[in-house]
Amino acid sequence: MSIQSSRSENGAEMVITIKGRFDFSSHQQFRGAYESFDGPCKSYRVDMSETTYLDSSALGMLLLLRDYAGGDDAQVAIVNCNNDVRKILTISNFEQLFAVS
Amino acid sequence: MLTSHTDDQTLESGSPEPQPLSLTLLIADDSSSDRLILKAIVQAQGHRFIEAIDGEDAVAKFVQGKPDIVLLDAIMPRLDGFEAARQIKQLAGEDNVPIIFLTALNDAESLAKCVSVGGDDFLSKPYNPIILQAKIKAFDRMRRMHKTLQRQRDQISESNKQLLREQYVAKSVFDNVAHRGCLEARNIRYLISPLSIFNGDVLLACQKPSGDLHILLGDFTGHGLSAAIGAMPLAELFYGMTAKGYSLRNIVSELNQKLTFILPDGFFCCACLLALKFELNEIETWMGGLPDSFLLRGDQLLRVKSNHLPLGILKTESFDPSTYLLEMNRGDRFYMWSDGIVETTNSDGSFYGDERLAALVSQHISADDLFARIKQDVLDFSGDSKPTDDLTMLELTMMSEQELGITKPAQALATRRGPKRWELTYRLQDDSLANFDPVPLLLQMIVEVPGLRRHSGQVFTIISELYNNALDHGVLGLESALKSSPDGFARYYQVREERCQQLCEGYIHIHITHADDGKGGLLRLRFEDSGAGFDYQAKLAAIDAVTSAGVSAAANNYSGRGLSLLKNLCTRMEFEGVGNIIEVDFEWCG
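Read top to bottom, the protein sequences are chains P and S.
Numbering follows this note's numbering, in which position 93 of the first sequence is assigned residue number 93; successive positions increment by one, without gaps.
Numbering follows this note's numbering, in which position 573 of the second sequence is assigned residue number 573; successive positions increment by one, without gaps.
The following block holds chain S by itself, in its conformation from the complex (with noise of 0.2 Å):
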């Protein structure tokens, strides 16, 4: 699940009325007597105080005691006060440090100077504690609020930059998961934006066993991930079932029920699904919650209406999967497109509309590049109020199935698909430790890749050593020595499970990662655990002793098979931090 960190809530807020609280201040002034009266009326109020007798001085005691606060006299030797501040301020840099001049000059021209070098404020001699200890207090205020932006704009920024790492990520698991299909067969031209997957559109297209041609058009509500995220089980649902040969009632049926499953309320999917009939020379439609489709017979322009509700509303009780047939000649076309194109707004506010798309379609209905000017004409509607990238659209010509170029690939494409290159992080923790066993779903996951389907009898024992290991010997603390008698055995599970009752802390963290090369990939397993460790090295060592003294020694124990058993299926092993971690690698080919 994707989460973005711009939850304000995670931003602090800067408390409205600070605590009063001891500051640091810097005082530079050459006179000492002056000194003094600063230094006894600061300490009064409770601050730390750091002296400075001229400039330099002043300068440089800033670097060493980095103060909240700084109060220079405005004529000293050395280095004078206009200087002194300049340096500060920029050896500040960014932090708000306020400067308050200390000075006997009255004259306009040179108080102004104290603002114009980066001073804030100035404090004229004599010094009168109460004004002295308002302005603390008040540049106080001020630094503290400054700092408070500081650290939200940090937050801000690097929440912005998580995000989109995270959008990144999340597009090229998209990418493995709802690839394109076969949109690029002869009969097929289309529009979709590159980054469609964050505006909600999803445009899918899979040849069924028989020949038949499945296309999906969806448009789910909202924008950025919340849209994207339905996308994933629709492409897969999708592509996985036309590959098997379903029918698009069935399909249709399915994704719905998935859909309504999965959104929130609220949250639904316009989507139209097609069946292209070659042999029959049929287009089966269903169409939900999507502008009229139009196909194109000869010169006869036919709407195809919208007449269900979008998917993920409805129950299935109530759910209507019904689908018109309608007859599609060789040459036939027919135009579905999201709401993008109707929707798109000229200048002056006003929609593009559907007359004007059916005119434009009317005008040229036997035009070859009609897709092309239909495009053209929307870009050229919106003129400088450029369209929103979700413009999207599909042209379907009806053809031979011989003619699409994609007989083969298809195939192959359809029993390929599936994740490559991916990685997944699942943390399970507390009682759900003892409540939920993880390794089916791990396992679900990692068959995704069809490589390893046919290693998923290693791949289980592997995951489910690694995940028991961690949770008995890890986290529950369990000794697999009690396992040495047959009641020991039973009476281990007993206590296993008295422990898994009272677990109420800890952790397993897993982390898979796999990589396909072509031929073959490499899974890589890591789990750690919240549990105090083991020492590796001698059960490492007990384990070659084993492997060497053959069977007889280990036909003595009814446990301690679960490592070597790792060690000889994955290709590496190795153990990390106090034993808690361990990693193992599976490669597989083929």
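Just chain P, with the same shape it has in the complex (with noise of 0.2 Å):
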């Protein structure tokens, strides 16, 4: 598993990708990739191409996220879902708090 992030040149958004195993033992690393000194971008892209799992405590994390990008006028969007992981984001609702693609 690692957690790549990086910011726009103009500092608006900020793409985080995850590969492999996206769980608990994460949290740190992904906490650590969306927060930064010059405070929440204006949107987030989390790319999931290589994301191969996920289970409940990464979808808290991606909450973490929406909240510290502005909660319910967070822009956060999830892209390059597989399909294991696009069917655990909807069983859970949350495209109805992501833009999931």
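Simulated from the structure, these hints should not be mistaken for lab results.
Mixed in with the good hints, there may be bad ones.
To be verified - Subject to a maximum C-alpha distance of 27 Å in a straight line, what follows is the list of computed BS3-like cross-link-like pairs (lysine-lysine): (1) S:LYS66 - S:LYS113; (2) P:LYS87 - S:LYS539; (3) S:LYS420 - P:LYS87.
From a predicted model like this one, the values you see are computed outputs, not experimental measurements.
Once you've looked at the hints, go ahead and assemble the two chains, each given alone in its own frame, into the complex.
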């Protein structure tokens, strides 16, 4: 599992890429990835193209990110999900909180 | 891992010198004064005392009081001592209850009768306290020894039953993993005992995607389970790598590395690997530690010698995977065998031997029934001294790939291979819980089922939820409510870390079963933890409430999603005990 993040040049958007398993063991790394001294970005994109597995603590972490990014006003997109990951997000109704694609 | 329970350390051994201890004695005598004397003697020696006034009373008191030793007067009213002894012995069954006759009779015949009806000894009146005490001691010793023997016998018989059950299970697991592959192809004849797994012989055949046929004959050192255990990874690697198209060289290197790693020192596997190349009219061989194989090319007998050490001995750096290539034309045959053939002995104890084998083959070199002849000759040779059941032998004939009759099914077999019905119990205990994450391991076991591989994401989520719930909320006793704020979320994992470090006892017991009906399957997972459980009814009701309230309620919390995920992914979710046991079913199809 590895998590990488990068900010766009104007600092408006951050892309977080999660590789492999996304579970509780990544919580510090994940939090470290989205929190920054400059405060929250305008929008976030979580790239799950290489995320193999997801569990409920990962869902909790996505909610942490959402709240950090502004709660109901947050713009967080979860992109490139595989079918399994998508299914977990759907079951948890996360499509109503995040733009999932 | 299979364990045998015949370890003799588990058998209790009788202590050589019994501790002086209070016994219960039944004393039947119609004379009250005699009873009084005996009572005084045995009570002075610290034993308990049951009185009976005649034979019938003695039998009744025996049933009631379960005495350790019985003292019977021979002549009594209603039922005499002889008949009472007979009945008591019968009632005692296989327990040893010593009976000592008390008798004023002195003639040899009467004394002999005491023993013939089941009495163990006799004591003549007047009673001598020292002799009586010595006899009680001696019989107590015998009684204890008998008890120890009974217990040991029961333990041995139970262990043996257990061992047979385990062998049966092991056999069925093995058959799923190390099925015979495409040994039924038309160019193969083979001989192997149906229980060969327990004599350590393995015979596997599988077609490569290119059409070449790979064959492995293996002979593990030793017999029984220890020999069988190595066969499973061997078969799995062989089938897996062949189906993926690896070369013989690569496969033999992997097999060696694997076996060197898993087998204890002194255990290894003699093996012959073949690749039959239909297009090139060639056979490629790697032989380690087996008797010479024969290639019958036309009317020539060519020996293929074993030029390598068996598998499982050399480290990868010094292992030599080089193979031989031999020309093999249509109709040519290749014979290989484990040492069971040449080491078959006759009644004089002499070996069948390699020369005899070579002579027989040379004599009938073009006979179509050569395989049957060899088998018959070995059986005839062994005569009355039955051959051991590890006569493993294979004949391979070169023909065109189209004639094998395996093209389609073998391909399908290669992709469908994998366990269908199995169960797994895994128990993680004490500080291992904190140090080891079994989820990847369990997932790997589960996705060995080809049909489940496509659902690995869901299966991962299920096991991960089950395991984390059992560990966090069960064993570690963490409240998920802690996770209600961003800082709490981090704090939760900090507390978790601390408790993990302090964890010294607890367990998570995992039981997984899988059954496949051809169209789909049912994966059942049962997790039990050593925690205090929780009010699962309230929790389940809360989940239902959240589900109907929709997402707004769910979004308020960073946690508490695990159980509803489980509920959604599984067709059944049930709690047992105080909530420390959960069982879920995952059904898949196609």
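Tested hints:
Restraint check: the Cα-Cα separation between S:LYS66 and S:LYS113 comes to about 25 Å, which is no more than 27 Å; the hinted pair holds. Under the criterion of a C-alpha separation no larger than 27 Å, the hint pairing P:LYS87 with S:LYS539 is consistent with the structure, at around 23 Å. Simply put, S:LYS420 and P:LYS87 have alpha-carbon atoms about 26 Å apart, close enough for the 27 Å limit, and the pair holds.
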